[in-house]
Amino acid sequence: MSLLRFLGIKAPERSGVGETETVRRIAARLESLPADRARHLAAFAYVLARVAHADLEIDANESEQMERLVTQLGGLAPAEASLVVEIAKSQARLLGGTENYVVTREFRRSATAEERAGLLDCVHAIAAADGTISAVESAECMRIAEELGFTREEALAVRNTYRDKLALLRRH
Numbered sequence: 724m725s726l727l728r729f730l731g732i733k734a735p736e737r738s739g740v741g742e743t744e745t746v747r748r749i750a751a752r753l754e755s756l757p758a759d760r761a762r763h764l765a766a767f768a769y770v771l772a773r774v775a776h777a778d779l780e781i782d783a784n785e786s787e788q789m790e791r792l793v794t795q796l797g798g799l800a801p802a803e804a805s806l807v808v809e810i811a812k813s814q815a816r817l818l819g820g821t822e823n824y825v826v827t828r829e830f831r832r833s834a835t836a837e838e839r840a841g842l843l844d845c846v847h848a849i850a851a852a853d854g855t856i857s858a859v860e861s862a863e864c865m866r867i868a869e870e871l872g873f874t875r876e877e878a879l880a881v882r883n884t885y886r887d888k889l890a891l892l893r894r895h
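Convert by adding 723 to the 1-based position in the sequence shown; the result is the number in this note's numbering.
Derived by calculation from the structure, the hints in this document are not laboratory data.
Where a beta carbon is used, it is the ideal one built from N, C-alpha and C, also for glycine.
Each hint should be verified, as a subset may be incorrect.
[As the list claims (entries may be wrong)] The following label-pair restraints were derived from C-beta to C-beta distances:
#1 Arg760 / Gly854: 18 to 24 Å
#2 Ala840 / Asp778: 21 to 27 Å
#3 Leu879 / Asn784: 37 to 43 Å
#4 Ala800 / Ala858: 33 to 39 Å
Starting from the given sequences, assemble the full structure and let the hints guide the process.
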């Protein structure tokens, strides 16, 4: 029994199976897209914001890279992509640990293998946007990879393409 039900409070109705408030909030701003596509892009943008916020700071380079990726891969106008990214960043800051796994799992459930691989590459690109992938960002990328269903070896192969950006491997 859920805590809300135990206290006599009815949980809010959900419009989609497994859909989170984060995904609903972002998807609502994508009115021109079919609902499934909007939810998919919302989850994609949130996972990007998740890795950008892993070190508790989302810098301008990460924000710009997120907007580029959402524009290119989402087929959105720059203004629309900017709005989606701002909402995703806000949600990541507010709900971080609470929503991270649930949204990533939702993306996994609705995405093709190719889309999941593309997202894994994109989270590394976001982590590397400021020129260095910190240990915390690298660990978050690995968690995301696992949640997306990749083996450790597959995740390391993607991370290896960003090897020159890994702080752990750089000389001080």
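Do the hints match the structure? See the list:
For Arg760 paired with Gly854, a C-beta distance near 33 Å fails the hint of 18 to 24 Å. In this structure, Ala840 and Asp778 meet the distance hint of 21 to 27 Å, their C-beta atoms being roughly 24 Å apart. One distance hint, 37 to 43 Å for the beta-carbon pair Leu879 and Asn784, is violated here, with the actual separation near 24 Å. The hinted window of 33 to 39 Å between Ala800 and Ala858 holds, with their beta carbons roughly 36 Å apart.
Comparing the model with each earlier hint shows violations of hints 1 and 3; every other hint is respected.
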